[in-house]
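Q: Position chains B and C relative to chain A; hints supplied.
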Amino acid sequence: MSSDHHAHNPGFISKYVFSLDHKVIGVQYTVTSLIFLFFGFSLMMIMRWQLAYPGESIPLVGGWLGKYLVDNNGVLLPEGYNALGAMHGTIMVFLGVVPLAVGGFGNYVMPLQIGAPDMAFPKLNMASYWVYFLGGVTMLAGFFVPGGAANSGWTSYPPLADIANTVGTHPFWNGQTVWLLGMVLLITSSLLGSVNFIVTIMHLRVKGLTMFRLPFFVWAQFVTSFLLLLAFPPLEAAGVLQLMDRAFHTSFFMPEGLVVSGVVQDQFAGGGSPLLWQHLFWFLAHPEVYVLILPAIGIVGEIIANNTRRPLWGYKTLVYSVIFLGFMSFVVWAHHMFLTGMGTAMSTFFQTTTMIISIPSVVILTALLLSLWQGSIRFTVPMLFALSFLPMFAIGGLTGLPLGLSASDIQLHDTYYVIGHFHYVVAPGTIMALLGGIYFWYPKVTGRKMSTFLGHLHFWPSFVFMNTVFFPMFMVGLAGISRRLWDQTEYVQGIDVQGWVRMSSWGAWALGLAQIPFIINFFYSAFAGKKVNENPWKATTLEWAAPSPPPHGNFAEVPVAYRGPYEYSVPDAKEDFHPQHVPDSQLV
Amino acid sequence: MSSELLPHTLEAHPVTGMYNGKFGVWLFLASEVMLFGALFSAYILLRTHGDFPSHKETLLDYRFGALNTFLLITSSVTMVMAWASFKLNDPGKGKMYLWITVILSCAFLFIKIKFEYLHKIHEGITPSYSTFYGIYYCMTGLHGLHILGGVVVMLYFLTVGAGLWNKNPHQFTNRIECTGLYWHFVDLVWIFLFPVFYLL
Amino acid sequence: MAASAEEVRKSIKSYMLVFGALAVLTVITVAASWLKVSVALGIFIALVIASVKGSLVASVFMHLTGEKATLYWVLIISAFFFILLILIPVIQNSETAHLIDQVT
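Chains as they are written, first to last, in our numbering: chain A, 1 to 588; chain B, 1001 to 1200; chain C, 2001 to 2104.
This is chain A alone, in the form it adopts within the complex (with noise of 0.2 angstroms):
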């Protein structure tokens, strides 16, 4: 690139903290989302001791939580555990797995695999991260307002969250009104980056990169940003309506004369549908499914082709899957719905189009199945994660069928069935793949490879610990526990699955423990990992074309590309894999 860059001297701040390097913000991404995601996990470590041991004080931490958590014994109260669980799944979610995928690994990796010098809006990138941050900020703030934390689900679902954390609290900086202003900065955040990577992505891909010879985590990104551009603004209109509600007190979500805990809710005029904010909050919370699943399929597609050393298996079905995905992603919203009495006609529409919708799914998990067929494959850190994905994907998505279907949903619908089913395809899946991830393109991030060993050390405890954790709610969800108690010993049945309950919470704390490798291995291999040259994996996506880690700039010249993104063993070559910029002539 020109002199430009180099015109000034930038200082520290300018550089490393309000810097406009796609790569430099999509570090910032990582690091802040892996803190939250730390920090959100930790959250259900401590309600995971009051499920396990009910009414017991919790060991460690209890003296420490503060009066809005847990009462004089360090034993958690009700609403605290209310307020854990409403933080933790708002936090993974929308500050945790979001920013992860398609923030941080979205704005690093995707510009170089398309050959861009830097996103098509540098300030916009800037901004979108800044706003994140405030909003992560916002959130958190609810642990210190009076009264405590939102705690009414991370749905916030109305009635109850029109009126929560309203009693003997500041009218305006409450839980739940902390929340809705956290939730419209990080809506905000999403949509400033969504519009940046469609941009992106249309116009800044290199010459001969043609749209279908993008890698498949560009396609990934591509359809989520679009699902971030277009779910997200109705959640935001419904955020506005509800934050009218509760700060003006209008009736958008209110019936009238409702009484609650004995209280006539006259504050209120009536006349609203508590169901409008179902309907706009899973208008957008479907395809946010799919943003939370497709940037994390990318990244195994990724990781797959590289390390079976053959190309994706049907790399254009796989593509328009995830955009049929990505397009019945908003028609089955109310899928969600089943048990609010819905007419049988609706609830047949919305269950034929969920069952059409795992179609593609099942495509999607079977190509990179068959991808793998008489493959070399190479067993690397990174492609463990993305094998273990395969499995517990398959596991999260199968177990959605019977919720799919409004007949078995009636028995299952909000028990720890749910809360397995819906963990299974974001934790063990998603999350699993996004550390995969992190092992895979941390050479080219700081050109230095993660310990191997260490690797091993944070896999295999892992991959058991997930399974630990989430398939004995599935034991717990079929013996009818709902899944918001407080204390599920309260119920007979409840009592006869505390086996599964306490073996989940230890496999949760295991779980925990076994990411201390990993933290370790995160800032130890930074500046002390065996140092690498620009394409350690010998993959063929052009963002190994550039140096590790990449300058200012992304290139030392523009590259073009000659193929399609996985040109793996082919036959009669001299090596085993083409890369995207390398010219006919300077092969075999």
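Hints were generated in silico from the structure; no laboratory data involved. Remember, predicted model here, so these are calculated numbers, not experimental data. One should not assume that every hint holds.
[To be verified] Each computed DMTMM-like pair below joins lysine to aspartate or glutamate, with the alpha-carbon atoms no more than 20 angstroms apart: (1) Lys1093(B) to Glu2006(C); (2) Lys1112(B) to Asp1061(B); (3) Lys574(A) to Asp584(A); (4) Lys1114(B) to Asp1061(B); (5) Lys2013(C) to Asp1090(B); (6) Lys1093(B) to Glu2007(C); (7) Lys2010(C) to Glu2067(C); (8) Lys207(A) to Asp584(A); (9) Lys2068(C) to Glu1011(B); (10) Lys1120(B) to Asp1061(B); (11) Lys207(A) to Glu1011(B); (12) Lys538(A) to Glu575(A); (13) Lys2010(C) to Asp1090(B); (14) Lys538(A) to Asp576(A); (15) Lys1112(B) to Glu1123(B); (16) Lys67(A) to Glu79(A); (17) Lys2068(C) to Glu2007(C); (18) Lys207(A) to Glu557(A).
A: Just chains B and C now, with coordinates in the frame of chain A:
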């Protein structure tokens, strides 16, 4: 700084036919369609759902609404004329049209706040009065915030950002075009808000 | 598009025409609200007029007529999802109707 070097900052992409900024604004507007779409949907649901007054009872004065509609339509014309003037290399005229747009939008906001909101609030009709007024304040308020945002952007190009015209008139004109796209969209939303709240 | 100066000058004429049309349509929509027709027909008329005005703004002021297919696709997708959003009340009301049937 580095953004000036990025491809298609100035020149349209051959496939999409747009430069980066224009494509970005259109995508943003697509998301805005969904934002206001959700609110219109909420309006329809509330209206068909329960006790929802018709306009005969609501006593929103359609004359203010109609006057504001004229103001916004006119501001849309002056906006597009501002862009055309810059395009025709006549920055003096362009700035004049931009100033008129700013004045018209301020007049819109003034009427909205002084004669409508404050008047109603004075009568005790706050957002909590009924679901009609709730959604009315919410949608027109959000629309008003969009107007305010547009005014801020225009004032920026008339003052602090005006220097770009001398450095790179092409880029400046592009930015005015993007502002215009946003502005016309805000106008378009009002074209629907007016009958929905004042006439139906 | 209006790429050349000549085309810009030409399009200024159409801007003025659209301005006139929008003003006239605003008067018509106010006048139509005084017609003694059923509520449904009144809503239909008002929305048709608003849609005509909206398309004039989009196609002329926003130069949509001169754009390429990519943008049309983006807008078609958003229009589709917009319609889905607007259908929420229909879905919701079919639920409520079903419940009322059960009660009565």
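Q: With reference to the structure, classify each hint as holding or not holding.
A: Now the hints, each set against the structure:
For the suggested pair lysine 1093(B) and glutamate 2006(C), the alpha carbons sit about 17 angstroms apart, so the restraint of at most 20 angstroms is met. Taking the CA atoms of lysine 1112(B) and aspartate 1061(B), the gap is near 11 angstroms; set against the 20 angstroms cutoff, the hint holds. For the hint linking lysine 574(A) to aspartate 584(A), the alpha-carbon distance of about 12 angstroms falls within 20 angstroms, and the restraint holds. At most 20 angstroms may separate the alpha-carbon atoms for a hinted pair to count; lysine 1114(B) and aspartate 1061(B) meet this at roughly 13 angstroms.
Distance check on the hinted pair: lysine 2013(C) and aspartate 1090(B) sit about 17 angstroms apart at the alpha-carbon level, within 20 angstroms; holds. Between lysine 1093(B) and glutamate 2007(C), the direct Cα distance comes to roughly 18 angstroms. Compliance with the 20 angstroms bound is thereby established for this hinted pair. A distance of roughly 17 angstroms separates the Cα atoms of lysine 2010(C) and glutamate 2067(C); the hinted pair therefore holds under the 20 angstroms criterion. This hinted pair checks out: lysine 207(A) and aspartate 584(A) have alpha carbons roughly 15 angstroms apart, not beyond 20 angstroms.
A threshold of 20 angstroms between alpha carbons decides the hint, and for lysine 2068(C) with glutamate 1011(B) the separation of about 15 angstroms falls inside it, so the pair holds. Proximity of lysine 1120(B) to aspartate 1061(B) is assessed by CA-CA distance (about 11 angstroms); at most 20 angstroms being required, the pair is judged to hold. For the suggested pair lysine 207(A) and glutamate 1011(B), the alpha carbons sit about 16 angstroms apart, so the restraint of at most 20 angstroms is met. Only pairs whose Cα atoms come within 20 angstroms are accepted, and lysine 538(A) paired with glutamate 575(A) is accepted, the gap being roughly 10 angstroms.
At most 20 angstroms may separate the alpha-carbon atoms for a hinted pair to count; lysine 2010(C) and aspartate 1090(B) meet this at roughly 16 angstroms. Taking the CA atoms of lysine 538(A) and aspartate 576(A), the gap is about 9 angstroms. The hint holds against a cut of 20 angstroms. A distance of roughly 15 angstroms separates the Cα atoms of lysine 1112(B) and glutamate 1123(B); the hinted pair therefore holds under the 20 angstroms criterion. The suggested pairing of lysine 67(A) with glutamate 79(A) holds, with an alpha-carbon distance near 11 angstroms, which does not exceed 20 angstroms.
Distance hint between lysine 2068(C) and glutamate 2007(C) is fulfilled; the C-alpha atoms sit about 18 angstroms from each other, no more than 20 angstroms. Of the supplied pair hints, the one linking lysine 207(A) and glutamate 557(A) holds, its CA atoms being roughly 13 angstroms apart against a limit of 20 angstroms.
Against the hints set out earlier in the document, no violation occurs for any number.
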